[in-house]
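Go by the hints and put chain B onto chain A.
If you want the building blocks of each chain, they are given just below.
2 protein chains.
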Amino acid sequence: MKVKLAQKYGFCFGVKRAIDIAQNTPNATTFGPLIHNEMEIQRLHRDYGVSLSNTLKEAQTYQNVIVRTHGITKEDLHTLKENGINVVDATCPFVTKPQNIVKKMSKEGYQLIIFGDKNHPEVQGVASYGEDVLIVANIDELMKCNIKRRLVLLSQTTKQSEQFGKIAAWLISKASEVRVFNTICNATFENQRAVLELSKEADIIIVVGGKNSSNTKQLLEIAKAQCVDSYLVENKEELEKEWFKHKKLCGITAGASTPDWIIESVKVEIEQI
Amino acid sequence: MKVKLAQKYGFCFGVKRAIDIAQNTPNATTFGPLIHNEMEIQRLHRDYGVSLSNTLKEAQTYQNVIVRTHGITKEDLHTLKENGINVVDATCPFVTKPQNIVKKMSKEGYQLIIFGDKNHPEVQGVASYGEDVLIVANIDELMKCNIKRRLVLLSQTTKQSEQFGKIAAWLISKASEVRVFNTICNATFENQRAVLELSKEADIIIVVGGKNSSNTKQLLEIAKAQCVDSYLVENKEELEKEWFKHKKLCGITAGASTPDWIIESVKVEIEQI
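In the order they appear, the protein sequences are chains A and B. Using my numbering, you'd call the opening residue of the first sequence number 1 and step up by one each time. Using my numbering, you'd call the opening residue of the second sequence number 1 and step up by one each time.
The following block holds chain A by itself, in its conformation from the complex (with noise of 0.2 Å):
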């Protein structure tokens, strides 16, 4: 099988640096998963020592604590503190700015809208920063709340630009001023806009990525638009021999939290069939 790489793909800025604080606080835990990628923090605990901790009361048993890349909430940071635990914060730099926004806006008076998922972590930490917070996941979802007449608006960081642009359409005609903040990351974007033009190319398209990571999520969302037969994989081990026959070209792109090890392994077994 010929196989081609989108032009940008896998690890962000902010992925690679919580794995180097990880690695350089060998031993410690994380509250919540670092990352979306349960096979790298495998490798991290196996190489590490660095293990989870799913909820705050097991966390604080350890000395040092990382902070997962989707920031956690602020009252849990604040127990973490009170409590004498020495907080890492690996909280991706991309999502400390909409947490500083909610905390500042909500402070002027705003109400606040994050386009999101409201049970993603990075969305409940950034919410957690103000008092009169909306969450929405979409524009209907938009439509059926209060809307007051100032507001502040801001995207999960892993979400579509173009849905983003299409809510603050809406936002705008109903509101006297909208404060739009577009906090989506670059590298998001840019993953995006890579995967979007492979996927008008290849007659297959394999998004490589955690099953519960937003932005390889997205990722397959816009390959799928474009190309049917695309398809979400952990792991080599999840390829199926059957979505290649008749294929001419499978295109490949990851997710920010999946690490090259594991895309490589997944390129070379596509190679092969």
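Derived from the structure by calculation, the hints contain no laboratory data. A couple of the hints might just be wrong.
Because identical chains share one entry, a pair is satisfied inside a single copy or across any pair of copies.
[Unchecked claim] DSSO-like mimics (lysine-lysine), calculated; alpha carbons at most 30 Å apart, straight line:
#1 K103 / K241
#2 K174 / K57
#3 K245 / K104
#4 K148 / K224
#5 K248 / K74
#6 K104 / K118
#7 K200 / K174
#8 K174 / K224
#9 K174 / K4
#10 K174 / K97
#11 K8 / K148
#12 K8 / K144
#13 K174 / K16
#14 K8 / K174
#15 K2 / K118
#16 K241 / K2
#17 K200 / K144
#18 K148 / K166
#19 K144 / K236
#20 K148 / K97
#21 K107 / K148
#22 K2 / K174
#23 K241 / K166
#24 K224 / K166
The following block gives chain B in isolation, referenced to the frame of chain A:
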């Protein structure tokens, strides 16, 4: 001919207010046309002695100068006041609002973008209050401009809400912060919505208003998109019988500067066709 008036049409709050001001300031002059309707200006001259000065020099030969609904530039206002002229401000409050926004936001270091017509007196007046102001008539013009990272977007009061939203959505994808002030006036918006509805039903639309009136031209454009046989007339004399051949229902709307007595005379004329 059967006729139907749009649910909302004609005089807006700002125009009504300006005419009241003019009627209460007999023998004054207006610097530039008070409103974009020549016949109403002639009536104010005939009945109240309110004249029209087309230049600042001419206006300064009067004791009382009325500022037109569209406002004037900061510099012209300054000159009038410095020369001891009694300035009677008939600027529509919906125009004073964007003037104040430009003044404040320019001081806060934002690049200002006005969606509007650079030759329109309202836009020239609003733009004069800022330092770093771009005026764009559409998204194509905007795409050729140098866009900064922190922007304020506002609109000429009589522009279309949908186009404004599209411009905002494009800007959001390019900048870090876009602060959008919806300065499209409600009356304009309501007249636009009403003609949209009417043009789906009627097979000919007559828009009554000044040919240099921005909001009137917008109404014509909206009507034409649904109903090809849409025409703009300033008075009943401009109606052509030819237009009404084989038509069943004529919809009528009017710009925000069009007085009721002109609309009524056009309506009566059409009914007799």
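Hints that the structure is at odds with (numbers, increasing)
1, 2, 3, 4, 5, 15, 19, 22 and 23
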